[in-house]
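Protein chains: 2
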Amino acid sequence: MSRPRFLLFGDSITEQGFRNGGWAAALAETYSRKADVLVRGYGGYNTRWALFLLDELFPPNSSMQITAATIFFGANDAALSGRTSERQYVPIEEFRSNLEKIVHQMKVSFPGVLIVLITPPPIDEDGRLEFARSQNKPIELPERTNENTGIYAKEVIYLAKELHLPYIDLWSKMQETEGWQKKFLRDGLHPTQEGNAVLHEEVVRVFSEANLRADEMPLDFPHHSKIDGNAPEKAFHIVI
Amino acid sequence: MSRPRFLLFGDSITEQGFRNGGWAAALAETYSRKADVLVRGYGGYNTRWALFLLDELFPPNSSMQITAATIFFGANDAALSGRTSERQYVPIEEFRSNLEKIVHQMKVSFPGVLIVLITPPPIDEDGRLEFARSQNKPIELPERTNENTGIYAKEVIYLAKELHLPYIDLWSKMQETEGWQKKFLRDGLHPTQEGNAVLHEEVVRVFSEANLRADEMPLDFPHHSKIDGNAPEKAFHIVI
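Here the protein sequences line up with chains A and B, keeping their order. If you're matching positions, the first sequence starts at 1 in our numbering and goes up one per residue. If you're matching positions, the second sequence starts at 1001 in our numbering and goes up one per residue.
Everything labelled a hint here was simulated from the structure, so no lab data went into it. Among the clues, some could well be false.
[Stated by the list, open to error] Where chain A lies over chain B, by a calculated footprint (3+ residues, C-beta under 8 Å):
{"#": "1", "segment": "1025-1035"}
{"#": "2", "segment": "1081-1092"}
{"#": "3", "segment": "1219-1228"}
All figures in this text were calculated on a predicted structure; none of them were measured in a lab. The C-beta atom is built at its ideal place from N, Cα and C for all residues, glycine as well.
With the rest of the complex left out, here is chain A (with noise of 0.2 Å):
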């Protein structure tokens, strides 16, 4: 039963990542018959609250083994202190030192795992206020902006340089392409499946650059054009 597996550990967009077009599927379908892929996502976690799940998901002494994990969290840390998702605010400096613990115990419990970063994707405000509205609780003002955002996405960046974590910074990625907001985003904040598109394409690359390469890593068993009908055991070192 053995073989890689990946383990996604972050907020809702990671929670919801095999929904249809989902990244996490689409992760799973480009690494099938190479790589299992373990979703763990809590949808509107922040990282303070992340913390209390550590001791459960990554115990230290896990004989469970996990090659790549992504740690994404921050869309709901951000979100602004005064507004109507306060209590899901995190400041800056715990944020980061929540992230730093995170990683800690995630080194502690799969040695040698690579661990990447994802910072939180931009916001559309706009976005946030129709969607608000579609769910007959308008506000005023947005409870997340994209600014606010993008100081978290940073955090997340300056903590993988110092720790020397590959990561990927989905605030800019995702705004380098215009109309961004509509076409990455279904609600301001959350992936559609162009999104999701993204998302996969950009774990995939930094997975393969760290020698996770879909095409270079084996099939766990031969392809059936490979097995000869009449002599199958051949294909599977089989003497008989």
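Since the structure of chain A is already known, use the hints to place chain B on it.
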């Protein structure tokens, strides 16, 4: 990290389960934060070749527990002798015996596992001919017929009844819908997104009947709305 694990064992229709709109991804989404879905699908494999995988995939003393598994072969075994996919053909008696061996090894390796047998889907013979033409490998007679695959489907059901295992009669289920040939099959054999949806729905139904109802299974951790922003530890039953 531990939560119930669902294992999907089969041929290409299982291997492709994480493709866009695929049944494995849909199952992972249905059981989000409740169970992991592991795909062990091998395109082109028949049950004869699948036997060579058992000791490695399902070692008798596995430390990995599996809560539920699907066994989904037959589409290749039912290739016709004397036609273009002859090398995949497995006689019906051997097909049954091979399936029994797979069931047996799973039961030994994963005590208490819920095993669900899935019949092959129906065959749209015109779709197979069209597909061969589209690959510039035209054939005069389809390499699989719906009637013959139906015999293999029936055998799956006989075995399931004899072993008191739940089963999904995908062969019959798909044919209940008018236009199933193009609606549910993209090349006369592999399911379209709508065909994948039928499969997903059937698996969820059978799992639910066996007391694996997603809505009755606990979330792995509290929903974020249950977390008190001022005292988050309470939601995690942690005394500080």
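Tell me, which hint numbers fail for this structure? none
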